[in-house]
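Participant: Chain by chain, the residues:
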Amino acid sequence: MRLTGFTPAASVLCLCAAVASSAFAAGKIFPYNYVQEDLPNGLRLITIPTDYRNIVALYIVVGAGSRNEVEPGKSGFAHLFEHLMFRGTAEYSAERYQQELSSAGAASNAFTTSDFTAYHTTFSKEDLPRILSMEADRFQHLSVDEAAYKTETRAVLGEFNKNSANPQQKLYEVMRATAFRAHTYRHTTMGFLEDVEAMPNEYEYSREFYSRYYRPEYTTIIVVGDVEAKKVRSLVDERWGVWKRGDYKPQIPAEPPQDGPRTANIDWPSPTLPFVEVAYRGPAFADESPETAALDATARLLFDHSAPLYQKLVINEQKLDSLNAGPPDNLDPELFGAIARVKKESDVPQVTKEIIAAIEEFAAKPVDAKTLEALKQHVRYEFVLRMSNSEAIAESVARFVALRRTPEAINRYFDFYAKLTPQDLQRVARQYLTEKNRTVVTLATKAVTK
Amino acid sequence: MIRPLASLLCLGLAASMAASAAGPRVVALPSKSPLVTIRLVFTTGSASDPAAKPGLANLTGAMLGESGTRDLTYKQIVDALYPMATTVHVYSDKEMTTFVGQTHVDNLDRFYGLMRDMILHPGWRDDDFARVRDNTVNALRVSLRGNNDEELGKEELYNLIYSGHPYGHENLGTAAALAGMTVGDLQGFYKAHYTQANLIIGLAGGYPASFAARVTKDFSALPAGQPDSVTLPAPAGIARNQLTIVAKDTRSVAWSFGLPIEVKRGDPDFASLLVAQSYLGQHRLSSGVLFSRMRELRGLNYGDYAYIEYFPRGMFALEPEPNIARRQQIFQIWIRPVEPANAGFALRAAAFELNKLIEKGMSQADFDRTKTFLSKYVNVLTKSKSEELGYAIDSAYYGIPAYGDYLKAALSKLTVEDVNRALKKHLRADRLQLVAIAKDAVALRTALTSGDPTPVTYVTAKPQEVLDEDKIIERLPLGLRAEDVKIVPVEEVFEK
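Respectively, the protein sequence lines represent chains E and Z. Residue numbers are given in our numbering: position 415 of the first sequence equals residue 415, and the series is strictly consecutive. With positions in the second sequence counted from 1, the corresponding number in our numbering is that position plus 1000.
Because the hints were derived from the structure by calculation, they are not lab data. A couple of the hints might just be wrong.
Which chain E residues stay away from chain Z? Per the calculated CB distances, all over 12 Å, these [stated by the list, open to error]: (1) 53; (2) 104; (3) 106; (4) 163; (5) 259; (6) 375.
BS3-like mimics (lysine-lysine), calculated; alpha carbons at most 27 Å apart, straight line [unchecked claim]: (7) 1496(Z) <-> 344(E); (8) 1496(Z) <-> 376(E); (9) 1360(Z) <-> 28(E); (10) 125(E) <-> 1413(Z).
If the Cβ cut is set under 10 Å, some of the chain E residues that face chain Z in the computed set are [as the list claims (entries may be wrong)]: (11) 51; (12) 206; (13) 384.
Ideal Cβ positions, reconstructed from N, Cα and C, are used throughout, including at glycine.
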């Protein structure tokens, strides 16, 4: 049923894969049948029926995050918008919106990342029509007056405040500001404190931000759970089909190649264990080549609990109480980083050297094939175990949709993962994990001796 | 259908925890899912800590869950678990210590064998002990006390309300007590409390038909024992509002306050207070009165919520973790960090809303909406099999039907009069324990005990009705005298 009279979907992909009883049966790793459809206005709809009964998980992904905050002094607006979207419309005031969510028994929230903003709601299946209708209304007709806008900027400052007690937040801020000089990844999703404090005076800019990015061509709706794809499509047609396409394309500054190693140190005002983060400039997310999968594998083989370095520093010598790493998986070139929490401040220089040495050794000597195969098995099971309910499925899909607008990116990425060789890992490590690309940031209650 | 060796609690059939020590109980939720969840819940926790060894129950659980077994080193366990992409997660509260693992059914045999041996045949190695104890001290001093003002305030609130009571110390213990513990202490606790009588075996997912019997048989190797039976006195009464300010060099002020309640899951007024709590401040949702009046209307902070059950790590989780059931609970309000200049006003604003709710009660419309919300939201709480299993185990503990059925039945009989009566019976705003984490503790004490108003500052004009209400809030009597306020340097918290 299409009440708005626009033409049928420009493209409809119906991608089917049998749900395998074994995680290693032949076939794609993403085990659910899904329907992917593009409306003529550019909006994309992905519907994934599951066997989890009664519940529907809705994710609406907007392709705008802190990466899109291109003007100086305007950091933090993607995140601010995540807040403003709960401020109501002419049809649904903020209060009525909340009342409707309450009567649907819905759990609703949102989050912002460097690359995207996601609005998610989980609720009983009979409430899908009204939830989709309300969401269509706020995405198209948000109405925030200046007073409400200013009030919300203080809630954002409150969020900055609640994060500020955690030294890892500061470490994250300083790492980004040190490793990036041109690209908008230089600031966190919260934004620079001075920009957050100045937000109350930027009401007009907030309207501009909404007009640029809250458009169908930036948006993907993901519906997962006890649903039928045809019915979902007709509900979406009804309220989302009239949404006007925009034409804004941000000019995101490219980060020039790093010109050599960088360091920074943070003096933390209250007692904490010291931290060290060692990061390298990496590539953008790739599902058409093995780089992202290779760096993910590298991060795990170097820093997971079974890794030799983890066993040495955390389990045997007990110099650290945590060691974690994150590979780059963003739209633009991002950092490959490892963070250690060190038990004694005097060990920080040695721990830093050992992390760097382990990375250099990894680039010099290929990992053995058996270890790599165990990792591949781990990664595949990890993904399958994550699909434990409709909300978790929707969240996993949303992260890939933010990068490529399709769950098929999951299959492509894991296909590359399955084919990785020790030589792939070595080649990618030699390309990216170099001294020239390295940034080291330390944090301690007082300055760490270098 | 599985035939257990002992008693079987399946799909909502509940049994009392006062059951005899006839062997481990089993809660089973078989399904066709390729994922299998195993929850092994021992009904023992920090309430059973010896007085001189706070933290012993938690450290014993952590030692089992994060160390080697009799036959395998921790490294060998980590390596064996790695290809399966799973771990044994352990957490310990006042009355429960839970080991939970989830695996693909492909790996069930291997995973279960490791999990079983970690609990039945621990290695008790000194190097594992040193590492696990270090991690616990760091969790206490650094992660909780140093880096998370909000959780610090919430935990201190519980410790103050239950002062002198088996619940009155941090689950992790104190740094001094942990320093004095030995592997022998842990072995002693293990022998006394890791018994069949204290064990509930929870299984969910597509495990084979014989699996429940196998697990039950394996764990029948534990001593039969008797259920933990720590006597819980009523918490000491709070004669008038009491404030503790933890002095810490931090940017903003974190608040938590509350009072003990005589209501837990299964009690007659539970559904009434749950409705009131949800209306006042449903966790991490925008629907509550506190959120609406403090954050949305006034922009004071990031959010404000209310609780009638323990809910740790709420800044990281949107829904509560199951298997932290308790025989005694508190009512709590959590005010997320506020700018220091607005700290006094934020506290008064929350107390104002609490007072208003107690005095005026809920309207029929608000009651109807909240009741509808809760009767549907329970589906969200149990959206995965692992969570459904956790809730089923808690229902067994409380002696109630499956939580969804229990709650829907209780809500269906509830009236707004019930809620408003329960509010007056159980809650009040003048006998509270209040906890703040603040940099300038002396200034905050002065501001709240001087009798002067604590006005709010805004960045934007507010409607006159809000400003009029602010005038009442900023002068709301808190009844705090200087002698009702205690200042504690953060360095002293959790030390002894």
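Participant: State for each hint whether it applies.
Facilitator: The hints, checked one at a time:
Not every Cβ of chain Z is farther than 12 Å from the Cβ of residue 53(E); the closest lies at roughly 9 Å, contradicting the non-interface assignment. The beta carbon of residue 104(E) sits about 6 Å from the closest Cβ of chain Z, which is not more than 12 Å, so the claim that it is off the interface is violated. Annotated as non-interface, residue 106(E) brings its C-beta within 12 Å of a C-beta of chain Z; the closest such distance is 8 Å. Its closest Cβ contact with chain Z, about 9 Å, brings residue 163(E) to no more than 12 Å, contrary to its assignment away from the interface.
Against the 12 Å criterion, residue 259(E) stays outside the reach of chain Z, whose nearest CB is about 34 Å from its own CB. Distance check for residue 375(E) against chain Z: the nearest CB is about 8 Å away, which does not clear 12 Å, and the non-interface claim fails. Only pairs whose Cα atoms come within 27 Å are accepted, and residue 1496(Z) paired with residue 344(E) is accepted, the gap being roughly 22 Å. Restraint check for residue 1496(Z) and residue 376(E): the C-alpha separation of about 47 Å exceeds 27 Å, so the hint is violated.
Taking the CA atoms of residue 1360(Z) and residue 28(E), the gap is about 58 Å. The hint is violated against a cut of 27 Å. Of the supplied pair hints, the one linking residue 125(E) and residue 1413(Z) holds, its CA atoms being roughly 24 Å apart against a limit of 27 Å. Taken as an interface hint, residue 51(E) checks out: its beta carbon lies about 8 Å from the nearest beta carbon of chain Z, inside 10 Å. At about 14 Å, the closest approach between the beta carbon of residue 206(E) and any beta carbon in chain Z exceeds 10 Å, and the interface hint on this residue is violated.
A hinted interface residue such as residue 384(E) counts as satisfied when its beta carbon comes closer than 10 Å to some beta carbon of chain Z; here the least separation is about 6 Å, so the hint holds.
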